[in-house]
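Asker: Spelled out, the chains give:
2 protein chains.
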Amino acid sequence: MVKKVKVGLLASGNGSNLQAIIDQSERGELPAEVVCVITNRSDAFALERARKHGITAIHLSHRDFSGREAYDAALVAALKGHGVELVVLAGFMRIITTVLLDAFPLAVLNIHPALLPSFPGLDAQQQALEYGVKVTGCTVHFVDEGTDTGPIIIQAVVPILPDDTVESLSLRIHHQEHKTYPEAIRLFAQGRLSVKGRRVMIAGGHASSDASLINPPV
Amino acid sequence: MVKKVKVGLLASGNGSNLQAIIDQSERGELPAEVVCVITNRSDAFALERARKHGITAIHLSHRDFSGREAYDAALVAALKGHGVELVVLAGFMRIITTVLLDAFPLAVLNIHPALLPSFPGLDAQQQALEYGVKVTGCTVHFVDEGTDTGPIIIQAVVPILPDDTVESLSLRIHHQEHKTYPEAIRLFAQGRLSVKGRRVMIAGGHASSDASLINPPV
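Protein sequence lines correspond, in order, to chains A and B. For the first sequence, our numbering assigns the number 1 to the initial residue and increments by one for each residue that follows. For the second sequence, our numbering assigns the number 1 to the initial residue and increments by one for each residue that follows.
Calculated from the structure, these hints are not laboratory results. Backbone N, C-alpha and C fix where the C-beta goes; we use that ideal spot for every residue, glycine too. Do not take every clue at face value.
Said to hold, decoys possible - Calculated from the model, a selection of chain B residues having no Cβ within reach of chain A, i.e. all distances over 10 Å:
1. Gly54
2. Ser66
3. Pro105
As the list claims (entries may be wrong) - Looking from chain B toward chain A, a few residues come up when the C-beta cut is under 8 Å (computed):
4. Gly132
5. Val133
6. Pro151
7. Thr180
8. Arg199
Stated by the list, open to error - Below, in silico cross-link-like pairs of lysine to aspartate or glutamate (DMTMM-like), each with a Cα-Cα straight-line distance of 20 Å or less:
9. Lys196(A) with Asp163(B)
10. Lys196(B) with Asp163(A)
11. Lys80(B) with Glu33(B)
12. Lys179(A) with Asp210(B)
13. Lys196(B) with Glu130(A)
14. Lys179(B) with Glu29(B)
15. Lys196(A) with Glu130(B)
16. Lys179(B) with Asp210(A)
Sequences and hints are given; from them, build the entire structure.
Answerer: Following this line, the structure appears as structure tokens:
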């Protein structure tokens, strides 16, 4: 039995990934225990999700702090105070500073709704639609000081279909997010991740060498 | 029976994509006839491949022309002289100007060994390995004035495996190139491609909405 890793979730809004992680943890499918949920917005639905599951819900408004570093120091204090070992960003709309990153080296994860390095930043699904790519997806990565630039742990690909809107595409990507984000946490908890340069090495398990996805299909 | 489209292939080197296209055309699997192969290098193996199949092989050295436009004008003259309707770049290491593009509007194709817009330009496989992405692939696109920026027709995805080298990854991508490039020519020949903004609309056929490729697998 793998020891459960203590997870602190940071969110700004709805937190659907957060729900997927909480659900899998509760069902015992994930060697993780979500010990606190922190938001920077008092109206974030993520707070309600946490409370419903008896998880400590904390609102830390960035407006109460003099700057990013001061805010991140408060985050670190709250996270460390709850014994957090892994910080998971779930729609947390704040730029992270080295104050947080140095406190949790190679232990801050993010998920982005595109195949990075394509379409970093906001509105990734809309960027993909406007560019006209035929495939997109999501990327779970370690967070570094850049925007969506950290070492990549896992990527999932989906096709873009002719009638796709931002909503339909987001839904298709969400489905993959809810699988890949828990999986990345599992790999972390099992101690199977190591970083070599920019590459994340994963002990055991990779896609078949003849796996492919083609859109339109051949 | 679809009318065969007359294809002119431009190459600078080995031309393995060119071989796949010639082979499928000869076998009658592709509604296309390769009417000429043009290279800018006299030692391009592509010339030999063409001759072996009885296809007109032309060497046009860029050194014999005063600039890109003059060179492209010569290309256009040679292509039009052979009745070419579709220009297919197969490892052609020259920047294309509007002289060629205006002569063949929405009728110049290129293939790039990455999931554009990620890793444009040279050494795409090495770029992908160094970045540490978990998936990459190839992209067939209409050529515009930028480098690998034109509207995307088809993309194929493959995983990157832990032990991959540039060679092993290139081989895996080549396998998809040899499927997707002929398919793009087929779609063109069948009149199924139209461009709306940056998006290529394809009459009939797209990947299943629940298709996915995840690496590492979940």
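Asker: Does the alpha-carbon distance linking Lys196(A) and Asp163(B) stay inside the 20 Å limit?
Answerer: holds, 13 Å
Asker: Compare the distance between the alpha carbons of Lys179(B) and Glu29(B) with 20 Å, and conclude whether the hinted pair is satisfied.
Answerer: The hint holds at about 12 Å.
Asker: Just double-check Ser66(B) for me: nearest Cβ-Cβ distance to chain A has to come out over 10 Å.
Answerer: holds, 36 Å
Asker: Is Lys196(B) close enough to Asp163(A), meaning Cα to Cα at most 20 Å?
Answerer: Within the cut-off at roughly 13 Å; holds.
Asker: Using 8 Å as the Cβ threshold, decide whether Pro151(B) counts as touching chain A.
Answerer: holds, 6 Å
Asker: Given Gly132(B) as an interface hint, is its Cβ closer than 8 Å to any Cβ of chain A?
Answerer: holds, 4 Å
Asker: Lys196(B) and Glu130(A): Cα distance at most 20 Å?
Answerer: holds, 10 Å
Asker: The hint names Val133(B) as touching chain A; please verify it with the least Cβ-Cβ distance against 8 Å.
Answerer: holds, 6 Å
Asker: Going straight from one Cα to the other, do Lys179(B) and Asp210(A) come out at no more than 20 Å?
Answerer: Distance ~14 Å between Lys179(B) and Asp210(A) Cα, so the pair holds.
Asker: For the pair we were handed, Lys80(B) and Glu33(B), check the Cα-Cα distance against 20 Å.
Answerer: holds, 15 Å
Asker: Should the hint that Arg199(B) touches chain A count as held when the rule is a Cβ pair under 8 Å?
Answerer: Since chain A brings a Cβ to about 4 Å from Arg199(B), closer than 8 Å, the hint holds.
Asker: Minimum Cβ separation between Gly54(B) and chain A greater than 10 Å?
Answerer: Since the minimum Cβ distance to chain A is about 27 Å, Gly54(B) lies beyond 10 Å and the statement holds.
Violated hints are absent here; each numbered hint is respected by the structure.
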